[in-house]
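Participant: Residue numbers (numbering that gives the first Met the number 0), protein chains in the order written: chain A, 0 to 456; chain B, 0 to 456.
Just so you know, the hints here were simulated from the structure itself, not pulled from any lab data. It is possible that some hints are incorrect.
All copies of an identical chain are treated as equivalent in the list; a pair is satisfied when it fits inside any one copy or across any two copies.
[Claimed, not checked] The calculated PhoX-like cross-link candidates involving lysine-lysine, where the alpha carbons are at most 25 Å apart (straight line), are:
hint: 1; residue 1: 142; residue 2: 447
hint: 2; residue 1: 198; residue 2: 96
hint: 3; residue 1: 290; residue 2: 198
hint: 4; residue 1: 215; residue 2: 121
hint: 5; residue 1: 221; residue 2: 447
Number of protein chains: 2
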Amino acid sequence: MFKLITIIVAIIAVILGFVINHYLQRVPDVPKLDYQRWWSDSVRPSVEDESIRPFKIEFNDTMVLDLKNRLKNRRPFRRPLDGMQSEYGINTIYLEKILDYWLKKYDFKGRAERLNSFPHYKTRIQGLDIHYIRAAPKKQRAKTVKVLPILLLHGWPSSSKEFDSIIPALTTPRSDYDFVFEVVAADLPGFGYSEGTNKPGLNPVQIGIIMRNLMKRLGFDKFYIQAGDWGAQAGSHMSTLFPEEILGFHTNMPVSSRTISSVKLLLGSLFPSWLDPKHSERIYPLKNFMKYIIRESGYFHLQATKPDTIGAALTDTPVGMAAYIMEKMGICSNRDQVNTEHSGLANLNIDDVLDTITIMWANEQITTSVRIYAEGFNWPELGIVHNIPTMVPTAALNFRYEVVYQPDWVLRDKFPNLVRSTTLDFGGHFASMHTPKELVDDIFASVKEFIKFHEKK
Amino acid sequence: MFKLITIIVAIIAVILGFVINHYLQRVPDVPKLDYQRWWSDSVRPSVEDESIRPFKIEFNDTMVLDLKNRLKNRRPFRRPLDGMQSEYGINTIYLEKILDYWLKKYDFKGRAERLNSFPHYKTRIQGLDIHYIRAAPKKQRAKTVKVLPILLLHGWPSSSKEFDSIIPALTTPRSDYDFVFEVVAADLPGFGYSEGTNKPGLNPVQIGIIMRNLMKRLGFDKFYIQAGDWGAQAGSHMSTLFPEEILGFHTNMPVSSRTISSVKLLLGSLFPSWLDPKHSERIYPLKNFMKYIIRESGYFHLQATKPDTIGAALTDTPVGMAAYIMEKMGICSNRDQVNTEHSGLANLNIDDVLDTITIMWANEQITTSVRIYAEGFNWPELGIVHNIPTMVPTAALNFRYEVVYQPDWVLRDKFPNLVRSTTLDFGGHFASMHTPKELVDDIFASVKEFIKFHEKK
Numbered sequence: 000m001f002k003l004i005t006i007i008v009a010i011i012a013v014i015l016g017f018v019i020n021h022y023l024q025r026v027p028d029v030p031k032l033d034y035q036r037w038w039s040d041s042v043r044p045s046v047e048d049e050s051i052r053p054f055k056i057e058f059n060d061t062m063v064l065d066l067k068n069r070l071k072n073r074r075p076f077r078r079p080l081d082g083m084q085s086e087y088g089i090n091t092i093y094l095e096k097i098l099d100y101w102l103k104k105y106d107f108k109g110r111a112e113r114l115n116s117f118p119h120y121k122t123r124i125q126g127l128d129i130h131y132i133r134a135a136p137k138k139q140r141a142k143t144v145k146v147l148p149i150l151l152l153h154g155w156p157s158s159s160k161e162f163d164s165i166i167p168a169l170t171t172p173r174s175d176y177d178f179v180f181e182v183v184a185a186d187l188p189g190f191g192y193s194e195g196t197n198k199p200g201l202n203p204v205q206i207g208i209i210m211r212n213l214m215k216r217l218g219f220d221k222f223y224i225q226a227g228d229w230g231a232q233a234g235s236h237m238s239t240l241f242p243e244e245i246l247g248f249h250t251n252m253p254v255s256s257r258t259i260s261s262v263k264l265l266l267g268s269l270f271p272s273w274l275d276p277k278h279s280e281r282i283y284p285l286k287n288f289m290k291y292i293i294r295e296s297g298y299f300h301l302q303a304t305k306p307d308t309i310g311a312a313l314t315d316t317p318v319g320m321a322a323y324i325m326e327k328m329g330i331c332s333n334r335d336q337v338n339t340e341h342s343g344l345a346n347l348n349i350d351d352v353l354d355t356i357t358i359m360w361a362n363e364q365i366t367t368s369v370r371i372y373a374e375g376f377n378w379p380e381l382g383i384v385h386n387i388p389t390m391v392p393t394a395a396l397n398f399r400y401e402v403v404y405q406p407d408w409v410l411r412d413k414f415p416n417l418v419r420s421t422t423l424d425f426g427g428h429f430a431s432m433h434t435p436k437e438l439v440d441d442i443f444a445s446v447k448e449f450i451k452f453h454e455k456k
Numbered sequence: 000m001f002k003l004i005t006i007i008v009a010i011i012a013v014i015l016g017f018v019i020n021h022y023l024q025r026v027p028d029v030p031k032l033d034y035q036r037w038w039s040d041s042v043r044p045s046v047e048d049e050s051i052r053p054f055k056i057e058f059n060d061t062m063v064l065d066l067k068n069r070l071k072n073r074r075p076f077r078r079p080l081d082g083m084q085s086e087y088g089i090n091t092i093y094l095e096k097i098l099d100y101w102l103k104k105y106d107f108k109g110r111a112e113r114l115n116s117f118p119h120y121k122t123r124i125q126g127l128d129i130h131y132i133r134a135a136p137k138k139q140r141a142k143t144v145k146v147l148p149i150l151l152l153h154g155w156p157s158s159s160k161e162f163d164s165i166i167p168a169l170t171t172p173r174s175d176y177d178f179v180f181e182v183v184a185a186d187l188p189g190f191g192y193s194e195g196t197n198k199p200g201l202n203p204v205q206i207g208i209i210m211r212n213l214m215k216r217l218g219f220d221k222f223y224i225q226a227g228d229w230g231a232q233a234g235s236h237m238s239t240l241f242p243e244e245i246l247g248f249h250t251n252m253p254v255s256s257r258t259i260s261s262v263k264l265l266l267g268s269l270f271p272s273w274l275d276p277k278h279s280e281r282i283y284p285l286k287n288f289m290k291y292i293i294r295e296s297g298y299f300h301l302q303a304t305k306p307d308t309i310g311a312a313l314t315d316t317p318v319g320m321a322a323y324i325m326e327k328m329g330i331c332s333n334r335d336q337v338n339t340e341h342s343g344l345a346n347l348n349i350d351d352v353l354d355t356i357t358i359m360w361a362n363e364q365i366t367t368s369v370r371i372y373a374e375g376f377n378w379p380e381l382g383i384v385h386n387i388p389t390m391v392p393t394a395a396l397n398f399r400y401e402v403v404y405q406p407d408w409v410l411r412d413k414f415p416n417l418v419r420s421t422t423l424d425f426g427g428h429f430a431s432m433h434t435p436k437e438l439v440d441d442i443f444a445s446v447k448e449f450i451k452f453h454e455k456k
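So that you can see chain A by itself, here it is in the shape it has in the complex:
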């Protein structure tokens, strides 16, 4: 019997090897895409508005008053089931505490002013008003210190706000590096203060194109990228479509979505510790990983299939929006804390969390932002671009509680020039809020590797 199984497995392995070699390794051609695709309702003018307009974040009194009235007027929650903390979802006793803080203690004016310590702008790209922070190094610096442009890209439910804790450190020269950054932190279209579209198809490939055109508008023909979450998808696509323009791609959510990578991860489950001795427990046994993914991906499933429903449902309730968003921000910061009241949220600064939710609320971006989950599938260019490796030098930073983890031998399918990979036993998905110092250190160290990579060529 055992012999028979061995023979069957061997036959299957040979067939699989054949399939992998002949089909999965095939690299498609770069698709022909319109890099000036128009996303506005209005007709494209013959001469486009290329102006750059200074912008200030404002949590205006009307919005704040209405928000506070809604918070005051909330209905009582059902309490958690006996003996449960966050196993059935957000703990409503904890939620009450946060809502009370938002209502009574959160400093709307002060928090907006804090965000305004950076220079904000808006400019029109492909028909959409795109908001971004552009922060140059402020401090006096030696002439030998180069200023390098870096684009920071956030994901859901964030905005450029996510990066406020790391921008000062990125724009401050350090004694251990001969370069410093000029930072552009943009809100993805439909997020934060960037305009959403009414046209279907604004997927991460198309968002990447908009972000590249933003950088061109700002005069940056070559630049670095740091990105996580959906921003990392956009950044990965930018690296694939514009390899001559992206000097290096640093990501705290490194993922290869090539078909071969999925097959390898599946096969890897047969020999987990051999393939990734140190960190195999982050994905293997696959059964545990899948259990966790199923437990935590309900919001993803809903947003990828019915974004307009959950968008409409959360449109007029700051209470609901906060409950829905905070549950996810907590879990993604530490998925092993569902047995606590805060379910991981206490790893983040509560003012940072409330900034994020207040920005989402004030700009009424819940529907436009969750649509990215639906647009992130089913458009033909996505599968094609995912399956093309990029030669752009790449650095992977794996925090402990990042949503997914792929070992380097899988990442290299997409990023053959993976020049640096760091795996930490702490931290989570919202790295710039959770572990800003470690993130900044890794960006500096990685860009040094990117420079070396280009010097070697």
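Add chain B to chain A, keeping to what the hints say.
Facilitator: Just chain B now, kept in the frame of chain A:
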């Protein structure tokens, strides 16, 4: 090569046959369950309150005023993407129309009075106040006409209200049958006007026990059941645990959840038309069925994993609750109409839909009701009871757009005494609202078969 594959398939088939025969057909013992399990926060008294209290449904002024204020105070929705109807979820232009109707035209008082045309009661079962309608035949009838007790069980997001269109017909004698029904339509605990629990574990098996004890309280030691959705799960478990008490089980959502049934459905995908020539397109090709299930099960995934999050999120917004519930009521009535503005909802009477949502809102049952999706998994008794066939005579009524479909050769795994099976090419999940006449006709015809079945024994 083809020969090799044939040999491999044959070997796998033999192994599978062995596994199926020896493991999957095995019937577990009925688990020992506490049929008086206590679900209240309060300590069980030495003498339980067994009183039956008349009850009236009231949409009181305070509730209605607050609800209307919230509806008036709603924020604007994002419009659907260009060219889309309901492909991204609820169509917010249509949603606006329904919300305006709810605010300006829905007759709160009149609708409550309509529900009060039936006699309503509450009684305390296992510590929880359970609400039900008990409707005896009103009209004069011949002495030869027997009165048979039938329990009607609804699912999410419904309540006993779901049955108001069929109760009059079930309690009216017909010339073609020598029996008529005394109807008990109960709200499941945590739904409608029935109290929810604060204890974990109130799954469909436990709900079935409560419903059986309700019927005992009302003096019905033997009775029929008609049920759909989660009510059908509870009804199936009642048939399994109390086969001597359930005279027949009529369901418009017939499902066998035995392991062997899943295996058979999977294998059936190899020869779909041979196994179910008429209706194979309702599940095969499995790829299409899975696509539809993935497209429509985001809410299920979320509710099964994070019920307290979506519950908290919808607690204070009638707008959100309506959007979220209506999308599902529409799709489940006709899943092929996502390319319309109403997405299937126009198949139902809008007052029926708004009764359902108003009851959910007024009783603040969103969290307790969605918890059934989480409780419906992971408790050991569920898998055991699912895997025990019941000898209770059963009738299956398959409407065209029911969420799932299983051919009779699969249903018989769980219901060997499937005495009637009807498959219609119209209708949907909310049968008693959508196609009340056909549902009632099938109940009468099925109960006649149940009676014949018992006479033959």
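Participant: Could you run down the list of hints and mark each one as holding or not?
Facilitator: Verification of the supplied hints:
1. In this assembly of identical chains, the alpha carbons of residue 142 and residue 447 lie at most 25 Å apart only when taken from the same copy (18 Å versus 95 Å across copies).
2. Taking the closest pair of Cα atoms, residue 198 and residue 96 come within 25 Å of each other only across two copies (23 Å); inside a single copy the shortest separation is 39 Å, beyond that limit.
3. In this assembly of identical chains, the alpha carbons of residue 290 and residue 198 lie at most 25 Å apart only when taken from different copies (24 Å versus 36 Å within one copy).
4. For a Cα distance limit of 25 Å, the shortest separation of residue 215 from residue 121 inside one copy, 14 Å, qualifies, whereas the shortest one across copies, 69 Å, does not.
5. In this assembly of identical chains, residue 221 and residue 447 lie within 25 Å of each other by CA distance solely inside one copy; the values are 16 Å within and 79 Å between copies.
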